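The residues making up each chain are set out below.
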Amino acid sequence: MSSPYNPWSNVAPIDVTQTRARLGSFLLGIARLAAALLLAAGGAARAAAQPPATAGELRWGGDPEGGSPYVEADPLDPSRVVGFEVDVAALIASKLGLTPRFQPVQFASIDASVKRGDFLIGLGGIEDTPARRATLAVTVPYYEFREVLTVRAGDASRFRTLADLRGRRVATLGGTIAYEILLASHAGGGAVAVSYDDDVHPYSDLAIGRVDAVLLDHVLAEKAMRRERGLVTQPDAVARGHYVGVLDLKNAALRGRIDAILREAMRDGSLESIFRRWGLWNDDQQALYTRVLGTIAPAPGATAQSPPGAPDGPAPGVPSTAAAVRRYLPALFRAALITIVLSCLAMALAIVLGVAVASGRVYGGRVLRSLLTAYVELTRGTPVLLQLFVLYYGLAEIVRLPAFVAALLGLGLNYAAYESEIYRSALEAVPKGQLEAARVLGLSERQVFTLVRGPQALRLALAPMTNDFVALLKDSSLVSVLTVVELTKQTQIFAANLGSWVVPGALCAALYLAMSLPLARAARRMEAKWKAPTS
Amino acid sequence: MEGAHVMSGLVLEARGVTLRRGACEVLRGVDLDVRRGELVAIMGLSGGGKTTFLRAVAGLEPFDGGTLSVDGVSLTAHAAPPPDVLRALRRKVGMVFQSHYLFEHLTAAHNVWLALVHVHGVPRPEAERKALALLEQMGVGARAGALPRELSGGEAQRVAIARALAVDPPLLLMDEPTASLDPARRDELGDTLERLTQSGRTLLAATHDDDFVRDYADRVVVVADGRVVEEGVPAAVLGSPQHPATRQLLSQKKRSNGRGAGS
Numbered sequence: 005m006s007s008p009y010n011p012w013s014n015v016a017p018i019d020v021t022q023t024r025a026r027l028g029s030f031l032l033g034i035a036r037l038a039a040a041l042l043l044a045a046g047g048a049a050r051a052a053a054q055p056p057a058t059a060g061e062l063r064w065g066g067d068p069e070g071g072s073p074y075v076e077a078d079p080l081d082p083s084r085v086v087g088f089e090v091d092v093a094a095l096i097a098s099k100l101g102l103t104p105r106f107q108p109v110q111f112a113s114i115d116a117s118v119k120r121g122d123f124l125i126g127l128g129g130i131e132d133t134p135a136r137r138a139t140l141a142v143t144v145p146y147y148e149f150r151e152v153l154t155v156r157a158g159d160a161s162r163f164r165t166l167a168d169l170r171g172r173r174v175a176t177l178g179g180t181i182a183y184e185i186l187l188a189s190h191a192g193g194g195a196v197a198v199s200y201d202d203d204v205h206p207y208s209d210l211a212i213g214r215v216d217a218v219l220l221d222h223v224l225a226e227k228a229m230r231r232e233r234g235l236v237t238q239p240d241a242v243a244r245g246h247y248v249g250v251l252d253l254k255n256a257a258l259r260g261r262i263d264a265i266l267r268e269a270m271r272d273g274s275l276e277s278i279f280r281r282w283g284l285w286n287d288d289q290q291a292l293y294t295r296v297l298g299t300i301a302p303a304p305g306a307t308a309q310s311p312p313g314a315p316d317g318p319a320p321g322v323p324s325t326a327a328a329v330r331r332y333l334p335a336l337f338r339a340a341l342i343t344i345v346l347s348c349l350a351m352a353l354a355i356v357l358g359v360a361v362a363s364g365r366v367y368g369g370r371v372l373r374s375l376l377t378a379y380v381e382l383t384r385g386t387p388v389l390l391q392l393f394v395l396y397y398g399l400a401e402i403v404r405l406p407a408f409v410a411a412l413l414g415l416g417l418n419y420a421a422y423e424s425e426i427y428r429s430a431l432e433a434v435p436k437g438q439l440e441a442a443r444v445l446g447l448s449e450r451q452v453f454t455l456v457r458g459p460q461a462l463r464l465a466l467a468p469m470t471n472d473f474v475a476l477l478k479d480s481s482l483v484s485v486l487t488v489v490e491l492t493k494q495t496q497i498f499a500a501n502l503g504s505w506v507v508p509g510a511l512c513a514a515l516y517l518a519m520s521l522p523l524a525r526a527a528r529r530m531e532a533k534w535k536a537p538t539s
Numbered sequence: 006m007e008g009a010h011v012m013s014g015l016v017l018e019a020r021g022v023t024l025r026r027g028a029c030e031v032l033r034g035v036d037l038d039v040r041r042g043e044l045v046a047i048m049g050l051s052g053g054g055k056t057t058f059l060r061a062v063a064g065l066e067p068f069d070g071g072t073l074s075v076d077g078v079s080l081t082a083h084a085a086p087p088p089d090v091l092r093a094l095r096r097k098v099g100m101v102f103q104s105h106y107l108f109e110h111l112t113a114a115h116n117v118w119l120a121l122v123h124v125h126g127v128p129r130p131e132a133e134r135k136a137l138a139l140l141e142q143m144g145v146g147a148r149a150g151a152l153p154r155e156l157s158g159g160e161a162q163r164v165a166i167a168r169a170l171a172v173d174p175p176l177l178l179m180d181e182p183t184a185s186l187d188p189a190r191r192d193e194l195g196d197t198l199e200r201l202t203q204s205g206r207t208l209l210a211a212t213h214d215d216d217f218v219r220d221y222a223d224r225v226v227v228v229a230d231g232r233v234v235e236e237g238v239p240a241a242v243l244g245s246p247q248h249p250a251t252r253q254l255l256s257q258k259k260r261s262n263g264r265g266a267g268s
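Which chain is which? The protein sequence lines are A and B, in order.
472 is the number that our numbering gives to position 468 of the first sequence; each next residue is one higher, with no gaps.
11 is the number that our numbering gives to position 6 of the second sequence; each next residue is one higher, with no gaps.
Read the hints as simulated data drawn from the structure, not as lab findings.
Treat the hints with care, as some may be off.
One-sided and incomplete, this derived list gives chain B residues near chain A with beta-carbon spacing under 10 Å [stated by the list, open to error]: (1) Leu65; (2) Pro88; (3) Arg92; (4) Arg95; (5) Ser104; (6) Leu107; (7) His110; (8) Leu119; (9) His123; (10) Val124; (11) Ala169; (12) Ala171; (13) Val172; (14) Leu178.
Since we're looking at a predicted model, the values are computed, not measured.
Even glycine gets a Cβ: it sits at the ideal position worked out from N, Cα and C.
Kindly produce the complete structure, drawing on both the sequences and the hints.
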């Protein structure tokens with residue numbers, strides 16, 4: 005494994021203007037996304053070709069989007085990955101006499117993926133939590149991190165601790181210990197948690213003032229400080245946690261062997277040299293290793309572990325499923341409310357814009373028609389996820405849209421393109437003869453549209469519109485990338501907390517159905533009503 | 006305004022109307038006068054320009070040369086008529102299309118009163134009363150609440166006529182009025198149209214149906230190759246056709262009748 009000594013070499017240089025640096029970090033994010041997709045595609049092809057338990061290989065999973073210094077696509081060769089987790093995986097593999105083979109996976113899916121056997125061990129800044137301990141075979145902790153607060157330099161003196169951030173928006177990764185800490189803080193009247201899907205945008209949004217602080221691992225904070233200027237990380241840790249590897253429970257025996265390898269690596273200094281190479285070594289690690297080596301090694305195959313790994317921050321205990329459901333149900337309902345409100349508003353926007361675009365394309369002049377056609381083709385031809393990113397992060401320098409507004413605009417503008425096509429074909433389906441009959445009666449063009457053409461087109465459009473609304477309801481889950489915690493995101497957070505997808509997934513599906521089924525029913529009723537004679 | 010035209014007695018005056026569609030000259034100089042209270046039939050082979058002429062009179066299609074005047078409203082060649090001329094024309098001309106083109110989302114009665122309320126500003130209760138009366142007069146009063154797709158072809162035609170008459174136009178254009186009617190229905194229509202002409206309405210109908218023309222038209226005009234080639238009283242024109250086009254028209258009709266009887 006090649007590991008550059010300067011892990012920040014691919015970060016935008018500091019002497020450019022802030023604007024360019026931020027734009028650079030956005031583009032970097034896109035480039036990383038692309039690299040991750042490339043890796044994922046390759047990985048998927050390989051996974052399809054080979055079972056996970058190929059002889060002679062240690063298949064390990066991580067999220068290349070997690071980025072430096074954990075796991076990231078090698079800037080020099082995007083088909084390979086580099087990072088300290090890559091080195092840890094290589095160490096473990098070599099001691100097991102195997103070749104490491106990387107399997108890219110989304111961070112939030114590592115637990116579920118290791119359980120279904122996509123790979124033997126998951127690595128990559130995976131936090132040691134009670135939920136993981138209950139549902140997975142967890143290795144001994146091999147790195148201790150501090151949860152630290154990062155704030156804008158101007159706020160360094162007034163926002164020193166979480167307590168100083170009462171009612172303020174604090175960013176973090178959803179479904180992490182830090183997120184739980186913020187939720188607990190909010191329940192006690194403290195900071196408001198803002199959930200992100202990646203570790204770049206919390207800091208860029210902090211720099212431009214969308215949030216007032218970021219609570220995350222010091223590894224991420226230090227990385228961000230090199231990228232963003234004008235930020236300060238408070239020295240005191242809000243909490244401490246540990247990185248571990250995760251295996252399926254049925255691989256507890258292998259976990260025992262890996263634990264022995266990690267202990268040996270702590271003793272012989274090979275872990276230390278890895279972390280030194282990545283600039284991550286500090287006194288906390290020596291203390292952690294002393295504690296880990298001091299505890300009695302559990303017998304191979306045992307699942308229980310004593311707590312050197314347990315975080316000493318205010319993380320929750322392992323909840324029973326029933327208790328967890330009771331605890332999360334209100335949050336799920338709130339998230340469902342956000343989903344339905346967002347979907348209804350976005351659909352309303354899409355309908356209004358769609359009618360306008362369709363009318364312009366049917367009635368407008370050549371220039372207007374080609375402009376509107378370009379809008380429709382651009383919107384339909386690019387992923388809505390990319391459009392959301394551009395709207396929220398890409399345009400942040402020009403207009404700083406609140407997350408909900410950006411989500412609403414993104415979905416509304418995207419669906420308007422689809423709606424406009426429905427209306428256009430519906431408008432053109434109304435027989436021209438009826439329009440002429442209306443004109444001969446003396447109706448103005450406007451009246452022909454509002455009294456004859458529009459109402460009939462609307463009836464024709466109703467069924468495909470209902471279809472689109474149900475699709476929009478589900479597509480609204482994409483806006484979690486803009487920090488809006490809607491139903492799917494809340495379910496992910498719940499599942500990460502519980503360590504299982506079964507109950508949260510079922511609840512989530514039930515809530516989506518509870519929203520979409522009445523909608524379909526209402527549409528059928530309206531169709532029936534329109535078919536009946538009216539006076 | 007009305008007075009001058011009553012004196013002249015002409016509701017429609019067409020002089021040398023030409024109309025081109027791309028390279029194809031559809032009308033090559035149509036001259037036609039229609040007097041108040043007349044039922045004039047336009048006959049001719051398919052593609053001879055009958056329907057196109059009606060559409061030009063209704064202001065649905067701009068024409069390229071000549072003049073058209075409907076009850077004092079003059080249309081000029083080349084351009085689409087300006088809005089005020091078009092508005093005036095709409096009050097003079099009603100049209101019943103071959104496919105009726107009723108508004109599918111509205112009931113029969115609503116089809117009839119729509120323009121009264123939205124174009125002529127008649128209060129809705131009054132407009133509804135008038136619509137019902139017109140539908141009664143056309144013999145479809147019982148179908149007032151039905152949607153167009155629930156009507157038979159004959160019923161739909163009567164509703165379409167009521168809709169055209171609601172705004173009281175002096176000239177009513179009809180495209181193939183008997184196309185979808187069986188003989189009994191055809192006679193009912195003929196009687197209805199006679200009543201209309203007796204009450205001073207002027208009718209111009211494009212048709213293939215020489216029996217209908219013989220029985221009900223006051224005058225017949227034969228159009229061929231975009232020109233009027235023969236005109237006169239139906240009995241004379243159809244009894245002893247002078248122009249080859251008229252003879253061809255009638256012989257075609259006989260052949261198709263013969264086939265119809267034989268099958």
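Results for each hint:
1. Leu65: 5 Å, holds
2. Pro88: At 9 Å from the nearest chain A Cβ, B/Pro88 passes the 10 Å test, so the hint holds.
3. Arg92: Constraint on B/Arg92 satisfied, holds at 7 Å.
4. Arg95: It holds, given that the least Cβ distance between B/Arg95 and chain A is near 4 Å, below 10 Å.
5. Ser104: Since chain A brings a Cβ to about 6 Å from B/Ser104, closer than 10 Å, the hint holds.
6. Leu107: 8 Å, holds
7. His110: Hint on B/His110: holds, closest Cβ of chain A at ~5 Å, below 10 Å.
8. Leu119: 7 Å, holds
9. His123: 6 Å, holds
10. Val124: 4 Å, holds
11. Ala169: 8 Å, holds
12. Ala171: Result: holds, 8 Å to nearest chain A Cβ.
13. Val172: 7 Å, holds
14. Leu178: Nearest chain A Cβ about 9 Å off; hint holds.
Hint compliance for this structure: no hint is broken.
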